[in-house]
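With chain L fixed as given, assemble chain R onto it according to the hints.
Number of protein chains: 2
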Amino acid sequence: MTSPMTDNFDYLKSYLAEKKSLVEKALEEYLPGEEHFPEIIFQSVRYSMLAGGKRLRPILCLAAAEAVGGNASALLPVACALEMIHTYSLIHDDLPVMDDDDYRRGRLTNHRVFGEDIAVLAGDALLTEAFCLLAGKDAAGRFPPEKLLEAIREISRSAGLFGMVGGQVADIQSEGKSADQQTLEYIHLHKTGEMIKVSVVAGALLAGADEKSVNALADYGKNIGLAFQITDDILDIEGDKDALGKATGQDAALKKMTYPSLMGLDQSREIAKQYLGAALKCLDNFDGRAEPLRLIAKYIVERTV
Amino acid sequence: MTSPMTDNFDYLKSYLAEKKSLVEKALEEYLPGEEHFPEIIFQSVRYSMLAGGKRLRPILCLAAAEAVGGNASALLPVACALEMIHTYSLIHDDLPVMDDDDYRRGRLTNHRVFGEDIAVLAGDALLTEAFCLLAGKDAAGRFPPEKLLEAIREISRSAGLFGMVGGQVADIQSEGKSADQQTLEYIHLHKTGEMIKVSVVAGALLAGADEKSVNALADYGKNIGLAFQITDDILDIEGDKDALGKATGQDAALKKMTYPSLMGLDQSREIAKQYLGAALKCLDNFDGRAEPLRLIAKYIVERTV
Numbered sequence: 001m002t003s004p005m006t007d008n009f010d011y012l013k014s015y016l017a018e019k020k021s022l023v024e025k026a027l028e029e030y031l032p033g034e035e036h037f038p039e040i041i042f043q044s045v046r047y048s049m050l051a052g053g054k055r056l057r058p059i060l061c062l063a064a065a066e067a068v069g070g071n072a073s074a075l076l077p078v079a080c081a082l083e084m085i086h087t088y089s090l091i092h093d094d095l096p097v098m099d100d101d102d103y104r105r106g107r108l109t110n111h112r113v114f115g116e117d118i119a120v121l122a123g124d125a126l127l128t129e130a131f132c133l134l135a136g137k138d139a140a141g142r143f144p145p146e147k148l149l150e151a152i153r154e155i156s157r158s159a160g161l162f163g164m165v166g167g168q169v170a171d172i173q174s175e176g177k178s179a180d181q182q183t184l185e186y187i188h189l190h191k192t193g194e195m196i197k198v199s200v201v202a203g204a205l206l207a208g209a210d211e212k213s214v215n216a217l218a219d220y221g222k223n224i225g226l227a228f229q230i231t232d233d234i235l236d237i238e239g240d241k242d243a244l245g246k247a248t249g250q251d252a253a254l255k256k257m258t259y260p261s262l263m264g265l266d267q268s269r270e271i272a273k274q275y276l277g278a279a280l281k282c283l284d285n286f287d288g289r290a291e292p293l294r295l296i297a298k299y300i301v302e303r304t305v
Numbered sequence: 001m002t003s004p005m006t007d008n009f010d011y012l013k014s015y016l017a018e019k020k021s022l023v024e025k026a027l028e029e030y031l032p033g034e035e036h037f038p039e040i041i042f043q044s045v046r047y048s049m050l051a052g053g054k055r056l057r058p059i060l061c062l063a064a065a066e067a068v069g070g071n072a073s074a075l076l077p078v079a080c081a082l083e084m085i086h087t088y089s090l091i092h093d094d095l096p097v098m099d100d101d102d103y104r105r106g107r108l109t110n111h112r113v114f115g116e117d118i119a120v121l122a123g124d125a126l127l128t129e130a131f132c133l134l135a136g137k138d139a140a141g142r143f144p145p146e147k148l149l150e151a152i153r154e155i156s157r158s159a160g161l162f163g164m165v166g167g168q169v170a171d172i173q174s175e176g177k178s179a180d181q182q183t184l185e186y187i188h189l190h191k192t193g194e195m196i197k198v199s200v201v202a203g204a205l206l207a208g209a210d211e212k213s214v215n216a217l218a219d220y221g222k223n224i225g226l227a228f229q230i231t232d233d234i235l236d237i238e239g240d241k242d243a244l245g246k247a248t249g250q251d252a253a254l255k256k257m258t259y260p261s262l263m264g265l266d267q268s269r270e271i272a273k274q275y276l277g278a279a280l281k282c283l284d285n286f287d288g289r290a291e292p293l294r295l296i297a298k299y300i301v302e303r304t305v
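Same order as they appear, the protein sequences are chains L and R. Each residue of the first sequence is one higher than the one before, starting from 1 at the first, in this note's numbering. Each residue of the second sequence is one higher than the one before, starting from 1 at the first, in this note's numbering.
Okay, chain L solo, but in the shape it has when bound:
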């Protein structure tokens, strides 16, 4: 006899595996092959894009579409573009002039394999190709053009100065400074939160959700984004390097501002759970089709990788 908990866990596991496989097949299709000239940049881009990872952002995009009655497959170009933007940010964050990381997703970081110059350009290329995919004929054939423009607007805003880039700058600037909750919240909301939120928003928007549902899902995304980043900070202290596929203890080494450094592990866990509760509340008016979003929220806080 399996408990409902185990059932949920098995269901989520197979849901994530199924969606991950969909995303990775689509990425394989959308990413140009290594035979193009100059080969090294195509190799570099594929190296980082096809290195595995949880594919959380694209899966959230597909799950949000399904939660409002949309078709997940239709969202694949958008989901892949979100993963390309996420991967560009990882490649640039790992550079020696940024966090100087040697491992990512269990493999050497992009610049350690291809050199720093190519790694900068691979990030630039992925960010650019993400918009090429979003405005591409494939996506344009699936959605009303006004909606697609709105999604591009939301995604670029979440990735730019008032989103991820702003958060990354605040994160760098906070190194070595004593933590304060206001700055910490700014960093979490922007560095990680905005791209997680917009993944959900883009999925719902393009699946034809009404404004009220899009707003509720945006709030859900904001809350799981915060829960995700706090859990990430906890795992950087408590997590297993091999399971995570990257070095741990990096935040302490770089004197980063994190929740655990500000208020300790126990209270950080408590706050992550509060954000989880708030995220679930945002889904109160959604039916069973939002069940994957509920389970993903719980997974984000309980995960060990």
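To be clear, the hints were calculated from the coordinates, so they are not data collected in a lab. Check before you lean on any hint, since a few could be wrong.
Which copy is meant is left open, because identical chains are indistinguishable; a pair holds if it fits in one copy or across any two.
To be verified - Distance condition first, Cα-Cα at most 27 Å in a straight line; then the derived DSS-like pairs of lysine-lysine:
| id | residue 1 | residue 2 |
| --- | --- | --- |
| 1 | K137 | K212 |
| 2 | K281 | K241 |
| 3 | K281 | K137 |
| 4 | K177 | K25 |
| 5 | K298 | K212 |
| 6 | K147 | K137 |
| 7 | K137 | K25 |
| 8 | K54 | K20 |
| 9 | K25 | K212 |
| 10 | K137 | K177 |
| 11 | K212 | K241 |
| 12 | K298 | K54 |
| 13 | K298 | K281 |
| 14 | K255 | K177 |
| 15 | K177 | K147 |
| 16 | K281 | K54 |
| 17 | K177 | K212 |
What follows is chain R alone, placed relative to chain L:
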């Protein structure tokens, strides 16, 4: 008594000054102010964007719109986005891991003022904000959504793996290798040519030009792009450092593959003139409204800065 040549020169001078002023006023409006948090990234972005420069790409975009009977002012968000993409590419090209340049447009390069980490992120931000501007409400209120999506598609393609990024990679890879014309043409067509071409194409497309006119202008753009880059390479040997606002002799120092290194200065000048002739021929079926495009083509080959 002034010769027609002088008249043309004066006309072009005032045309370029007027359009440059339009573009710079619009940039000032579209770029967020330095009061936003975290201030350093807004300062860094504005430092490089408002450092002057010829504003060739945005001016070409406006001139192409006018050549097909469109309104230049309507194209300003698109023109500014093109200049943002160009500026991002300069910031990243100047990085120590790339060309390692200390001066650009007569001022210290971005990373020399703000540090390499912020310079990488300023480039990332400008590339992202360019798409935010292209898909933004301002642009969306001016053009049919399908046309705007087509422009975003063309611009991102020209900036990405099959355009500018590919060209930059080929350029880096060519350093120290003996020059061959095929690689050299690939570099010029992609590193500089694609963004110049798409500036013209986007202007014409969004001004409502028919396919035949867009194609003719694309060919014009391709030819002036090649002429521009050959002239750039010649100026890197013969130009005046102070007038150019950047160091000369950099190509030789980095053992870059250039036309002068392949076939000498005289033949390079000859080839630039051939591309100029080809560019002018593309405008044969255009009327007097394409006169600025004709004069800009000549200016590109004859310029000293």
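Point to revise | Ascending list of hint numbers which this structure does not respect | key: Structure breaks hints 2, 3, 4, 9, 10, 11, 15, 17.
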